[in-house]
Amino acid sequence: MVVPLISIILLAPLASFAIFALLGLAKRNFPRQDYLSTFAMLVALGCSLLLIQEVTSEPTPLTVEWLSLGSVNFSMGFYLDSVTVIMLIVVTLVSSLVHIFSIGYMHGDPRYSRFFAFLSLFSFSMLFLVVSDNLLGIYIGWELVGLCSYLLIGFWFEKDTAANACKKAFLTTRVGDVGMFIGMMMLFAEFRTLSLYGDTGIFEAVATLESGQIAWLSIAGILIFCGAVGKSAQVPLHTWLPDAMEGPTPVSALIHAATMVAAGVYLVARMFPILTPTSSLVIAYVGGITALVAATIAIVRFDIKRVLAYSTISQLGYMMLAIGAGSYVAGLFHLTTHAFFKALLFLGSGSVIHAFHAMHAHHDDAEHTEDAAHEHADNSLVHEHGSEIPPDQDMRNMGGLRRKMPLTFITMLIATLSISGVPFVFSGFWSKDKILGGVLGRAMEWNSVHHYILFAMALIAAGITAFYMFRLIFMTFFGEPRNQEMHDMAHESPWVMVVPLIVLAVLSFPVVNTLWFNKDYIEPPPQHHIPAPQHAYVSPDSKIGDANFGFSLFGVSTAQAAEEDAGPDTAQADDAYHIHHRAHNIAMVLSICVAGLGILLSWLFYHRRRFSAEGVATTFRPVYNLFWNKYYFDEFYDGVLVALTVWKSRLFAKFDLSFIDGIVNGVGKITRDIFAAFIGFFDNRVVDGFVNRVAEVTWAAGGRIRKIQTGAIQTYLFVVLGGIVLIILIFRLF
Amino acid sequence: MSLQHYLVISSILFSLGIFAVLTRKNAISILMGIELILNSCNLNFVAFSRFVTPAETIVGSEVFRFDGQIIAIFGIVLAAAEAAVFLAIILAIYREFGSIRPDEVDTLKG
Amino acid sequence: MLLSLMIFVPLLGMIVVLLLPRESEELIKRATLAFTLVPLVLAVVLFVSYDRSSAGTQYFVNVPWIDAFNINYHIGIDGLSVTLLLLTALLGPICVLASWRNIEKGLKAYMALFLLLETGMLGFFAALDLFLFFVFFELTLLPMYFLIGVWGGPRREYAAIKFFLYTLFGSVLMLVAMIAVYLNSNVINGVAEGVRTFDIPTLITLAGTTGHALADSTFQMWVFLGFFIGFAVKVPIFPFHTWLPDAHVEAPTAISVILAGVLLKMGTYGIVRINMAMFPEGLAIFTNGVGFWGNSLALLGFINIVYGSFCALAQTDFKKLVAYSSIGHMGFVILGLAAGNSAGINGAILQMFNHGVISAMLFLLVGVLYDRAHHREINGFGGIATKMPVYTGITTLAFMASLGLPGLSGFVGEALSLLGAFQEFELITILSTIGIVVGAAYFLWTLQRVFLGQLNPKYEDLPEINKREILTLVPLGILTIVLGIWPNFALDMFSESVTNLVNVLDAI
Amino acid sequence: MEFTLKTFIFYGFALMTIASALAVVTVRNIVHAAFALMVTLFGVAGLYVFLQADFLAATQVIVYVGGILVLILFGVMMTSGRLEMRIHIERGQLLLGGGISLALLMLLLTVIANTPIWKNLTDDGTQLAPTTERIGQLILNEKFLLPFEVVSVLLLVALIGAALISRKEVRD
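Protein chains in written order, with our numbering: chain F, 1 to 734; chain E, 735 to 844; chain W, 845 to 1352; chain H, 1353 to 1524.
Read the hints as simulated data drawn from the structure, not as lab findings.
All values reported here derive from a predicted model rather than from experimental measurement.
Idealized CB from N, CA, C, for every residue including glycine.
Check the hints yourself; a few may be wrong.
As the list claims (entries may be wrong) - Pairwise CB distance ranges (calculated):
(1) H:Val1463 to F:Trp699: 53 to 61 Å
(2) W:Val889 to H:Asn1493: 40 to 48 Å
(3) W:Val979 to F:Trp699: 49 to 57 Å
(4) F:Tyr112 to W:Pro1301: 23 to 31 Å
Unchecked claim - Below, a list of computed lysine-lysine pairs in the PhoX-like style, where the Cα atoms sit at most 25 Å apart:
(5) H:Lys1358 to H:Lys1471
(6) W:Lys1311 to W:Lys949
(7) W:Lys1231 to W:Lys1311
(8) W:Lys1231 to F:Lys27
(9) E:Lys759 to F:Lys707
(10) F:Lys27 to W:Lys1311
(11) F:Lys27 to W:Lys1302
(12) W:Lys1231 to W:Lys1302
Model the full assembly from the supplied sequences, consistent with the hints where possible.
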């Protein structure tokens, strides 16, 4: 049953796209592409749910030979374990809901059908990535989701910002992908295969490596992680994700919050067994830094979608941190919960934007996109570091919307509570707590300074998250309307848009926990090169997490099982067990404290107006500027570039050009202007010049020699005959 | 009347033909020189076939020595063809240049 | 017989076309199309009936041609050649279709020359006699010269001459090397006995015989160089590449397609068929990673990739950009061949085929745009995706295939080449991956400048791509997708042959 | 070598041939030269008779004298519009041409004299059968059929080509 089910899951969305593409070639349009795509996704969702019971404790890859090259073979296939199934459900579920939401949101768009076709293609690619059992397959899905992301960010390509953003997204992630590809090449060169599982797979081979041979493995691991850095928008390749908000909001929800960006986390989790202490630490630090940096930037944004984008980056950093610190289950758990509540937040913001946007688009639906482009040209009131915030996304135009849009408000509030880590009732709390507990546990167990630092980072980021998320809620839904005209136009969204919100809101409660607290269901794969006490990867997180909090609400069932499992462990393992037990308690208390503090501050600042945000900003002007300018990455790199290109510097300096904003454009420009120009010069003058010179010499020589050609045939004959006579004479005489 | 007689006659004809080709300033004279050369060649062929053909073709009691003669026939045909084309070209050149002096027709001069 | 028929049907077609009256253009076009379709059908038959499990030459014909020099009309196919024959035969009718409307003068001569060109190309890929091989190699040169020089753009004479000179320069060296091989083909242990030969399979065997003059490594090195430079001009490998952009820019669309799709492959095909198979010792000197020259071939591949990509980035002429991208992509072929292992060579050959398909698509697409707008300045467009959605879709497909998006054919070849090369030349391969990023950069940037953004008001009423143009593109598009999903479709054909080759190379 | 009537006639033909050939290349009037050429051709035909090539001799007379020579005379008349029949010869060219021809002649004579296998090949006096029938057989039936056909095509092509070249331009 497994193979047919997976095939259906993959083929349904693909077929939906194929129908669009084939009809498009004949210049036709399927009349109800939206229903078709949505139906395909629902079918996939159904099959995914059926797959839950197909998971076996000893999953084997189901492969077919894809490429045979004599000595080397590449196979393609599926690998179905619990993680796969969970990812499948998350992707199909969020995707279905986004499809439904889009029916309302995208209504009236001139390229309505195309939007759904692209969503289908995306779903296919993402699902393919998830079920692949080998690195090559993952890479294929990986790049395909990148393509879909490109197409969907640039969906309204008439806007220059969108056209730029999609290019930037693709290129930035590709930089990471190249790193990943190099990592794959290293693994291939060593093991002659790219399959992960099975007797001949990489994981089996890695297990047999001696500890002295793992230096290169660390490098390979970090290189593969590079792919995740790009795709999951980790520092320093994170700048594409905020720009990607130029795409339609459902796209942001599906691709740039719930699924594609989480693929990076999924990849690292899949590659868990090859991680070494070094590479794990690198991953954890990158994740931690990302979590902090993005969270602090998010505090000062005014564009509702950008706030959510930075929040996504921050949360992804969280997951990376978890997996880097060995908390495999916690990372994936957070991935799942985050997918739901972040999708909800984005869809909610989409609902708000839709409400505001209607004002601009109402008079002529057909010119929807052109309008959008116009707004950019006309309403240049608000500037956000060079790029403008569309007025319908600017939180300073909002306020008091809770009465106008009650359902949107309530659902978004639930999601916010969840992401902020409000205890016990919301899923976000559990996953976040698991991460914090896991990191602290490892820190205490190894007595490692690194992990204490990481824990601190995670904790601070958690506090900041609570703060800016509530800032968003307060600015948008509470207080008095700041822009009366727009406020009057706003209205609750149609039911197709609200229903998905409600479903996602339900999912933000810990219903999803059941699977995660079931110890039998998810078990982290062994990491052979991490010298931890043996039980540590038999799961510090799942066991301890269950032991303490498994009783809560819906996750009841498995607490006891966890207790029993701890039984046969050795005394040493018992010690570790207790350490983790304590760590989780500490972590939980601290996390509740920081979340509460964040919410409180936010309330004081943005609701009660006890303190003035502007005042604080003025007082701490340097810090504020740091956040506002996204940590001056721009200026820092600008300096480097200027050093490289002095003669170009004046041109660049005039623009408030951010380096990372322009890392792709910038590098492209520089290479084009200098490197390529140089090469072009070389090409024209030296190489080409040589050829032309040869031709000139030939020409000149010909000019001399042609004088011999008199055109008088008798002269020729003289010479010929004279020559004959001479030759014969010479032969006769000598 | 040995072979050498014929060869001598033929070589004299040949040299005279070459002389005409080299010195004449009239294309038709040159053509005549060429005819002389061709004739000398034909004469050679026939002479060689008469004297040196190693294997004689014997049909019944009659002795034939033929290959050279047939080649000579071909030679005559070629001469005829050549003369026709040559004269045609001369006419065309005459129309174009108003002269048939070969040293005045030097379009190919480099 | 089938093979000979396939090679000479276009020649017959040329004669037929020449006999047709000049005025009946429709008839000429139809006849040409028919005469290019026949080889396609035959190529498909060969492709299907080729025995994939055997690596040997099949369908061979060997009859004496010029006895005095022991030159034979020896043709046959192995997996490599049948793949390229299929590519050539496929591009034939497509190019005729692409020339349907936009050849304004001398249609008859154009079609006749095109058919002659096709015979040359088909013969080249099937020839198994060195002399015959060379004859067909040169046979493609002449029609190409005229096709560029007569039907090209404003600077056509310059481009045609440049193309001609470059190629001739290469083939002279090749000729010298060929004669050297011929003269040494009967020398064993310093003693010349028996007849000399031009026969490629025989020569390959001889070159592997200990004590034979052909097996001498110094000799092999020089002859290798001679052939290599000859082929390098065709590929083209830096620094012999500057004819390519000019030729492409000036050539009419269909000829660009042939140029990129087939003629460039002749270079790499020659490298595999002659240089690698016949002179493994010579090859080893340039690829074994030891000594001053040990990395040179891989280095050339690397330079091609990076240099071509950066040059492409700097272009504002659409066609020139595609031309430079060709240089970059052929670099992957060289890199894969330099690796000399199974993955590398298979990848390189696959990349040859894929590049043939994809670059053909790209040039056809540029042609479509040029026919409408009459210029190719990238910055002169903008936002035409709104006016030509289908065209944009196909272009996106071609661009993505070209920049190596997995799932499309470009990726498989590139990835295998790199995987193979990495095993031998780690650093060079890692540096070569820069080309992947730059490749994405120029294609996406072009996509943005031409198709995205606000519609340039000049192009308010740009007509959408028409049926005939779609017809030329669809088969290629299908191939890119099919090969991306199921590369074994083509790989099967030649992987056995490659295994043999790799065994020979490994034995050195 | 005894001096018989036969040899006498032979030398007569030889002399006639050479003398008239000399006239062809020396006389200044081109019409005279043409007539001298006619004599040469007759002379050669006579030599053919001595070589017992009867058919060939006849052909020589018919084709050369009857055809080619007439063609040449026509050519003379059509190109010499103002009856410019004088032939110009430059002194330098004359000397050089004469030198080279003479040198060639000397060379040829040396070769003839010094080639041993050509020595003493005298006419053995065997009477050959009349050749016409046999030549017809050979050309039309046996081994010379293909060359004959080829040469026929050549002649045809030459005639058409000549007509094409010499006609007045109709086009353009």
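Okay, which hints does this one fail, numbers in order?
-> When the structure is compared with the hints, numbers 1, 3 turn out to be violated.
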